[in-house]
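A.B. asks: Chain B: place on chain A using the hints.
There are 2 protein chains.
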Amino acid sequence: MFTGLSAFPLTPMSERGIQEAAFTHLIESLTAARVDAIGALGSTGSYAYLTRAERARVAKLAVASAGDTPVMVGIGALRTRDVLTLAEDAQLAGASGVLLAPVSYQNLNDDEVFGLYDTVCRALSVPLCVYDNPGTTHFAFSDELHGRIAQLPQVRSIKIPGVPGDVEAVRARVERLRRLIPSDVTIGISGDPLAATGLAAGCDGWYSAIGGLYPRTMLAITRAAQAGDTEQALALSARLTPLWDSFRQHGGSLRVIATAAELQGLVSHPSLPLPLKTLEGADRQALANVLETLELE
Amino acid sequence: MFTGLSAFPLTPMSERGIQEAAFTHLIESLTAARVDAIGALGSTGSYAYLTRAERARVAKLAVASAGDTPVMVGIGALRTRDVLTLAEDAQLAGASGVLLAPVSYQNLNDDEVFGLYDTVCRALSVPLCVYDNPGTTHFAFSDELHGRIAQLPQVRSIKIPGVPGDVEAVRARVERLRRLIPSDVTIGISGDPLAATGLAAGCDGWYSAIGGLYPRTMLAITRAAQAGDTEQALALSARLTPLWDSFRQHGGSLRVIATAAELQGLVSHPSLPLPLKTLEGADRQALANVLETLELE
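Line order of the protein sequences matches chains A and B.
UniProt numbering numbers the first residue of the first sequence as 1 and each following residue consecutively.
UniProt numbering numbers the first residue of the second sequence as 1 and each following residue consecutively.
Chain A on its own, in the form it takes in the complex:
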């Protein structure tokens, strides 16, 4: 479950609730495209904005619609008490694994974050992926802390943020981390614009937000990298530069991906939880032009 392309779909919603039919359709598209795994309720799935009941419902819908494709479910929350409840709900929903980020309001220290993972792992019967996303959690893992947490028996993967630099530089960083973790714990890259480089540098998988909307295009990059054709993987990713630029321009991928899904009629507007908004006006039109050029699928 923690290798290859894991696709993280949107959870489309308005102020009135979740767009369940649209969400189910997104999941079915991912399964049809034969992604390696589905990550429901990741950051792109807006897990942090939903109630416990809504998250349980989304987890159930994802598992029910995914067929044989394994589903991992995000269980992050500010409070350990709530993470434990969400872990139970995810397992009851049939999740094959869970994804846990150290979400913070008050800044966390290493001891507190280790304590969180230790407590949660003791309560889990499915594998866990450590979700390292400093852009949203504002917690910076050291490699040493990753090493400690990866010794916990349920931990099977680490989702690291995009690493800037060329393939050799990223390979050095991945190998530094790999020396500190057990050999059966995989390393997956996120940060879509840098993912092809990450895969070429030896990451075992790609935890992809954009893959939740355009799985076939992102599978082509993934399969090229897996086959050792680094040049092709990098070229396929470089072709998407206007999209990656759009992510950078709009403070990350979420608003861009949600706007793209609205533009293609896959979800209704509004699709993000207020106060978050999709792109408007000239920004929206510019994205529409990019999508028309790139022919993503």
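Fair warning: there could be bad hints in the mix.
[To be verified] Once the Cα atoms are required to be at most 20 Å apart in a straight line, the calculated EDC-like pairs of lysine to aspartate or glutamate come out as:
#1 277/B to 118/A
#2 277/B to 82/A
#3 60/B to 36/B
#4 277/A to 82/B
#5 277/B to 111/A
#6 60/A to 28/A
#7 277/A to 118/B
#8 60/A to 20/A
#9 277/A to 231/A
#10 277/B to 229/B
#11 60/A to 36/A
#12 277/A to 110/B
#13 60/B to 88/B
#14 277/A to 229/A
#15 277/A to 20/B
#16 277/B to 110/A
#17 60/B to 20/B
#18 277/B to 82/B
[As the list claims (entries may be wrong)] Covered by chain B, per the in silico footprint, the following chain A stretches (three or more residues, Cβ under 8 Å):
#19 113 to 119
#20 197 to 206
Since the hints were derived computationally from the structure, they do not count as laboratory data.
Keep in mind the model is a prediction, meaning the values are calculated, not measured.
We treat Cβ as the ideally placed atom computed from N, Cα and C, and that holds for glycine.
C.D. replies: Relative to the frame of chain A, chain B by itself:
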């Protein structure tokens, strides 16, 4: 309500629930000390870690125990939908005002934050204090955005983070902000170690975390500043340097204040929501020594 010393008490809790008797006692101590206002469910009150029902209960307890002292209640949440519900609950509990921070998981932009305050203000019948705390929300207000939001009719105060520098430097910063906001909107300083300077520099009030535990000591600083005795206010604050150093050492004031409350028997251990922990071992002993020297009250 939005001038002088506003004291922000802890909401002591364990994994089993809120320590209601201890919380009530904290509120009664603040009222007995005659603070100008009480801020329930601020950052020090761990609002972000509690359920809607728990927050409504804490708001009711605070108002019931505060006598004639006005109580403002924190209504921050990631989602506009939830902020609106919390605003209603706070008003039903009898809050005299509310405090709203733009809490984020996905980074927010100015347009989204303005939209949040605009929507919430339309639903409010009590005054609102804008809570600017980039250390926890990871949103940086520009003075221009403060100016736009302060025009909303319910906005009556802005709680700004501590401003480094001497009195003249801080005065320049406060006056720059004041030129952009209506004259009936007050500016309150937070960041306890820098508060005496802030008051001396013309801030109308001090939104104080440590004042929620040691109101008399912090009132002495506030009253000296209000009487124009800048030298005395700064000297009283300088005497607390070992405490301010402790805040800096432990990533902010919360863990220190909660440990102090545990050490003094005002709350039971544990008093913070996991994964957050109070100080242990040598750090805890060092704080006990500081408290013994300073004789705070």
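A.B. asks: Let me make sure I understand: some of the numbered hints might not hold for this structure. Which ones are they, in numerical order?
C.D. replies: Hint check: 9, 10, 14, 15, 18 and 20 fail, others pass.
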